[in-house]
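Number of protein chains: 2
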Amino acid sequence: MGVVTSPKQDRSRATRQRLLEAAVGCLAEHGWAGSTVSAVAERAGVSRGATQHHFPTREDLFTAAVEYVAEERSSALRALPSQDRRTVVAALVDLYTGPLFRAALHLWVAASNEPQLHARVTELEARVGRESHRIAVELLRADESVDGVRETVQGLLDMARGLGLANLLTDDTTRRDRVVAQWARLVEESLSSSS
Amino acid sequence: MGVVTSPKQDRSRATRQRLLEAAVGCLAEHGWAGSTVSAVAERAGVSRGATQHHFPTREDLFTAAVEYVAEERSSALRALPSQDRRTVVAALVDLYTGPLFRAALHLWVAASNEPQLHARVTELEARVGRESHRIAVELLRADESVDGVRETVQGLLDMARGLGLANLLTDDTTRRDRVVAQWARLVEESLSSSS
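Sequence lines, in order, name chains A and B. For the first sequence, position 171 (counting from the first letter as 1) is numbered 171 according to full-length UniProt numbering, and the numbering increases by one without interruption. For the second sequence, position 98 (counting from the first letter as 1) is numbered 98 according to full-length UniProt numbering, and the numbering increases by one without interruption.
Treat the hints with care, since some could be wrong.
If you only want the chain A side, here are some residues facing chain B, beta carbon under 8 Å, derived [said to hold, decoys possible]: (1) R18; (2) H30; (3) H106; (4) V146; (5) G148; (6) G155; (7) A160; (8) L163; (9) T173; (10) T174; (11) R178; (12) V179; (13) E188; (14) L191.
Calculated from the structure, these hints are not laboratory results. Note that beta-carbon positions come from the ideal geometry of N, C-alpha and C, so glycine has one too.
Bound conformation, chain A alone (with noise of 0.2 Å):
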């Protein structure tokens, strides 16, 4: 962007980048139990001082790497070279199937029980879920002003969720391509009827 940085901020910035990374991997493998500040600080290598700076609490930690791992997937997503319906839809499937998802489902399902992470990860998740949206919409080429084309999409992300969650106790890919190839094809169909 032009900005110039000291080599402060440089440092600075990525010790952030390391410990909201540390922090989704802690998270999609030990589960929100096993996922405390000091954990997340151990596996970046960062002391606990230096991330307490950066997070003064475990809740800013979470929800900040969710979202900062969200918004690296749709960067990479963005930038994927115009393709087909059919590859489109299988490359959205495959965001809710990797760790970010786990990590997300486990800050979910904590924030069910638990008051203090429910407002921040409601609101996170509603701007994550509506940048996912607009991402679909604009790979798939989607006339969202065509009746049912929105919920069309829609429902395409919700299946992806499910197929996440689906491939959480067991390496589900068989079955996952076989039904993602079938639902893209029904995808494609409506879209280009609809178009």
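Assemble chain B onto chain A, guided by the hints.
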């Protein structure tokens, strides 16, 4: 079934059912961390000793509870009078937005981090998943010998699971109703054209 049971057996069965229902309620409201055997015994009004007689371990109690309630719901669904496919789609999605889904979700997520739960919940999820699929095929009068039909139905259940997750932190009813109406239309068209 015409099997003669003694009053003692009847009482024992009633106690077991009370425990199972209390366990699902506890899991849905408080999550895995808040769901101890003592909390369930108290909620059900059953002594700790009687509870341990029925369910020697915490894992026994909660996996049995999710399975029991899933079976109750399946039976209720099978007992529905024959309906048009769009109504069936809505009824299937409803299965994933109530306390049973919340309880199962907490159990799945806990199992992803707790080795002693993992194998049992994986096996339970596979069994409940196959049963939901069978019921969906039957109610939708879907002909799985036709290419793609099996995957259409599976994707619909994956979408329902994703809608359940979207309903975890906020009441998603308004959005969900629109998505379900549109996907019911897509499923209806797809199944009609392939029969």
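Verification of the hints:
1. Here the hint on A/R18 is broken, as its CB sits about 23 Å from the closest CB of chain B, past 8 Å.
2. With a cut of 8 Å, the hint placing A/H30 at the interface with chain B holds, because the nearest CB-to-CB distance is about 6 Å.
3. Because the smallest distance between the Cβ of A/H106 and any Cβ of chain B comes to about 6 Å, under 8 Å, the interface hint for this residue holds.
4. Interface restraint check: A/V146 against chain B, minimum CB-CB distance 11 Å, threshold 8 Å, status violated.
5. Interface restraint check for A/G148: the shortest CB-CB distance to chain B comes to about 5 Å, inside 8 Å, so the restraint holds.
6. Annotation: A/G155 was flagged as interfacial toward chain B, and the flag holds, the nearest CB pair being 4 Å apart, inside 8 Å.
7. For A/A160, the suggested interface contact is upheld, since its CB lies about 7 Å from the closest CB of chain B, less than 8 Å.
8. A hinted interface residue such as A/L163 counts as satisfied when its beta carbon comes closer than 8 Å to some beta carbon of chain B; here the least separation is about 5 Å, so the hint holds.
9. This hint is violated: A/T173 has a C-beta 14 Å from the nearest C-beta of chain B, more than the 8 Å allowed.
10. Because the smallest distance between the Cβ of A/T174 and any Cβ of chain B comes to about 12 Å, over 8 Å, the interface hint for this residue is violated.
11. With its C-beta approaching chain B no nearer than about 5 Å, A/R178 sits inside the 8 Å limit, and its interface hint holds.
12. Interface hint at A/V179: satisfied, since its Cβ lies 5 Å from the closest Cβ of chain B, which is below the 8 Å cut-off.
13. Against a cut-off of 8 Å between C-beta atoms, the interface hint on A/E188 is violated, since the closest Cβ of chain B lies about 11 Å away.
14. Hint on A/L191 is violated. Least Cβ distance to chain B is approximately 11 Å, over the 8 Å limit.
Figure legend: structure checked against the earlier numbered hints; hints not met, in rising order: 1, 4, 9, 10, 13, 14.
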